[in-house]
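Asks: Sequence:
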Amino acid sequence: MIGEHRLYFIDEHEFQDQEEEKRKITSVRHNFTVDYEYIKEIHNRRYLLKNIALEIFLTTGKTYFLAFMTETDRNKTYEKLLKMELPNLTREAETLLSPSMLSPSITQKWQKGLITNFEYLMILNTLSERTFNDLTQYPVLPFVLADYISEKLNLSEESTFRDLSKPMGAQNPERLERFWEKYRMLETMKEKPYLYGSHYSNMGSVLHFLIRMEPFSRYLIEFQGGKFDVPDRIFFSLAQAWDLSSKTSNSDVKELIPEFFTIPEFLVNDNKFDLGKTQNRKSVSEVELPVWAHNSPRTFIFNHMEALESDYVSSQLHLWIDLIFGSKQRGVEALEASNAFHPLTYEGSVNVEQIQDPLEKAAAIAQINSFGQTPKQIFFKPHPKRFPKESHMKMNIASHPEQIVSRRPLKLSKAIYGLSYVENEIVILGPNRTVFWEKHFKGKPRILQWGNWDGTLRVVSMKDDQVILSLDGLAIQLDTINCADVSQDGTIIACGFKSSLVRLWMKRPRYIKKFQRQQQIKMKQQVEHLKRTSELSAATMKTSGGIPRYDPLDSPRSPSSPSKQKFGGFTQSNNVAKTVIEIEFVGSLDGHQDEVKCIRVCNQHAIAVSGSADGTCIIWDISRRKLLRSLGPHNGPIIALDVEMYWGDIVVVDDPGKEVGNIHLWSINGSPIAQKRLKPRALCVAFTKLKPGLGKNIIITGHSNGEIHLWSAFDLTPLHIIKGTHQFPVCSLAVKEDNMEFTSGDVSGSTITHELRYE
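Here our numbering is used: the first residue of the sequence shown is 6, the next is one more, and so on.
Source of the hints: derived by calculation from the structure; they are not laboratory data. Hints are not guaranteed to be accurate.
[What the hints assert, rightly or not] Each computed DMTMM-like pair below joins lysine to aspartate or glutamate, with the alpha-carbon atoms no more than 20 Å apart:
1) K701 - E311
2) K282 - D237
3) K503 - E600
4) K55 - D78
5) K390 - E163
6) K631 - E600
Build the full structure now, drawing on both the sequences and the hints.
Replies: Listed below in structure tokens is the structure:
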């Protein structure tokens, strides 16, 4: 049901045996509502080779996949939804993810190296209607490596890689000839001929790879009729998986899935499933890794992603795209490329709704689920090749930490409490401040400010010294904010309190009608008179060309506000409605036993991470507002932490006292990666921001003796120490988006920019 403010989905199906049925993949029951303000993207999708589905992406990170009875019903729902007020809908995605618009825009970005191979392949999967919400149309990525036995992975050697111009079934000439013999035999029998009776992506292959992870293990048990497969057929070796798919099996032609490049945990049997023993009495548990991975799933994933982004794969990937998404997917060119699969895997091969016999219809659906589904074709001409990487693109502070040089310090009169890069300029913050980047008001960066005399949480303009918004309320006034952070997209505010609570606010754009504008105008008039007072306890300063400018930090108390406060501006060409930004308190998170000392929000993974004085560090799910897991133990109060935006790794610094400390590295799933003792202790920490596969990130720590230490973000291997630049404790760090420099600040007011020295 499509309401005025939200979408309603009501499952009318009643089960006879709910306890049994709720365990089935095909019988997941849902009743839910979706407020329009949360909808970020809406895309048409296929289901069982029919264009009858919608996929809805929310700003919270959730997605919903809805299959309709007919294409007409789907299209009507889609058109109706787009007519509703969807303030967060990404219209660019709606345009870019259309077959006619993607090629010249996203493809050119990929050619120029502005997006990675992994990012581009995931975009193509989305465009071709592959989705994580349908196991029969799971995203597909290529086997890229042919070497799983060498001691060291050599990415400069062509023999290391698979031939990306050929499908998996054509990697071995002898096996390919057997497939062609079958093809010719089917021709003589007057049946529709095909080379491969199985597919490179189907429900069975996805569950085969993800057998060790819930909920996929449960799904596989149902798929296999109530039990795991026989041990000899279970996925237990990467080298064997390659051999089966590329040369030895008469039916296996699998490609890979995104987890092979992103999630080490799927290779580990953390759930301790009893997967049995093979015929040679070998126990099946963890996946056997390539020799060059040295029994480390994390090493395999990092190296595998590096292989995907290598020069060789970049130069050949367009050929694989032709096979899977492009001109060699179907027809004569597909046959010439030995890329012909069972007819039931192609869109339009069968119309399930036209089958009248229930048994025949059920059999057709089972066949589609079993055979797999070829992605929707999105390119009809040969895909262009990627341009070679320029040598300077490989240089950054993470790749060459030993070549970092430091500029002359900029000395200020007050201590540095925070640093941030905004539009390539360094923003220097006073106490209790962080940058609030407002994506709905481009070019207008703001400051989130707390610790005010009246207990309010404020949004302050960095440009014109204006208090934009003042948030007050019982939750703030009866407690003390120790720390705060704003998500990179500006939608989530997270504050850590002295009471041990974490509280969240969410920023939501809404449309208001013309008659509602007076309320907005009145509020604007109420805050316009709030100017900076003559006595400032501290300052937020922006430097441009070495000339500081001060922004307001404390102002007279604003009028009381409701739980939702608003600020905003008129839309560009709309005399009827206006975009208003509401910041709404959404909940308190309780898990710490002592005051919260530091906090970070990572909207890419929909998490917040907080550290407290009792040494606990907690990962929070900010979309469901629940505790995901607690990291520890640590050796003292948590005084600094950071979250890596791509992999989701978490670095934590504790302070047990006596001028010593510890640095801990954790995975987003709570696995400890490494720990090092620090002497002298660190006061601040930051990750660099390299995309996966484009290099290895580093971790930067600022220390109480003025030193800056650089560490491997993979395993905390010490890389370099910068000495003699700061004479006082380093208390703040910021890394530039392009990873070409970082800035450090100390308690005396000195800031120093560190950059790469070119020989």
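Asks: List, from low to high, the hint numbers that the structure doesn't satisfy.
Replies: none
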